[in-house]
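Starting from the given sequences, assemble the full structure and let the hints guide the process.
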Amino acid sequence: MIPSAEHRRFLQEMKAHTGQDPARCYQCAKCSASCPVTEAMDLLPHQVIRLLQLGFNEKVQASSTPWICATCFTCAARCPRDLDLARIMEGVRLSFLRRRGATRLDPGDIAPELLQKLPQQALVSAFRKHSR
Numbered sequence: 288m289i290p291s292a293e294h295r296r297f298l299q300e301m302k303a304h305t306g307q308d309p310a311r312c313y314q315c316a317k318c319s320a321s322c323p324v325t326e327a328m329d330l331l332p333h334q335v336i337r338l339l340q341l342g343f344n345e346k347v348q349a350s351s352t353p354w355i356c357a358t359c360f361t362c363a364a365r366c367p368r369d370l371d372l373a374r375i376m377e378g379v380r381l382s383f384l385r386r387r388g389a390t391r392l393d394p395g396d397i398a399p400e401l402l403q404k405l406p407q408q409a410l411v412s413a414f415r416k417h418s419r
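Quick note: the sequence shown uses the working numbering, first residue 288, plus one each step.
Incorrect hints may have been included.
Keeping only pairs whose Cα atoms sit at most 27 Å apart, straight-line, the calculated DSSO-like set for lysine-lysine is [what the hints assert, rightly or not]:
1) LYS346 <-> LYS404
2) LYS346 <-> LYS317
3) LYS404 <-> LYS317
4) LYS317 <-> LYS302
5) LYS302 <-> LYS346
These are calculated hints, taken from the structure and not from any lab test. Given the structure is predicted, the values throughout are model-derived calculations rather than measurements.
Now the structure itself:
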């Protein structure tokens, strides 16, 4: 599959923000196995990376996983390729917010039922990163 120009731009933008290249992931799934919040995710972390590799940005954008990531860095500590998945998730969030024309996170954008499920660390981290 040849990536579209839009997909290449998205990955370049994300790499510029994070310094991480999702193409380096070889899908061992250690990130998903070690993630403490996978029960709340609709896609596992390694699945998000695979979708990014294949150019299915819309599926990642529709997913709650990038927003649920607790940024605990357990995935980064266990990755045999030294990818910082938490940083990639942050880059995904930032890229999607910028594409929407927003650089801030509004609490009203988060569904009330999701607020009850999200780890507090994820909320604090998201507001710290996206409220300036």
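Hint check results:
1. Taken as a hint, the LYS346 and LYS404 pair is honoured in the structure, with Cα atoms around 21 Å apart against an allowance of 27 Å.
2. Distance hint between LYS346 and LYS317 is fulfilled; the C-alpha atoms sit about 22 Å from each other, no more than 27 Å.
3. Straight-line distance between C-alpha atoms of LYS404 and LYS317 comes to about 23 Å, which keeps the hinted pair within the 27 Å bound.
4. Distance hint between LYS317 and LYS302 is fulfilled; the C-alpha atoms sit about 21 Å from each other, no more than 27 Å.
5. With a C-alpha separation of about 19 Å, the suggested pairing of LYS302 with LYS346 holds against the 27 Å cut-off.
When held up to the earlier numbered hints, the structure conflicts with none and fits them all.
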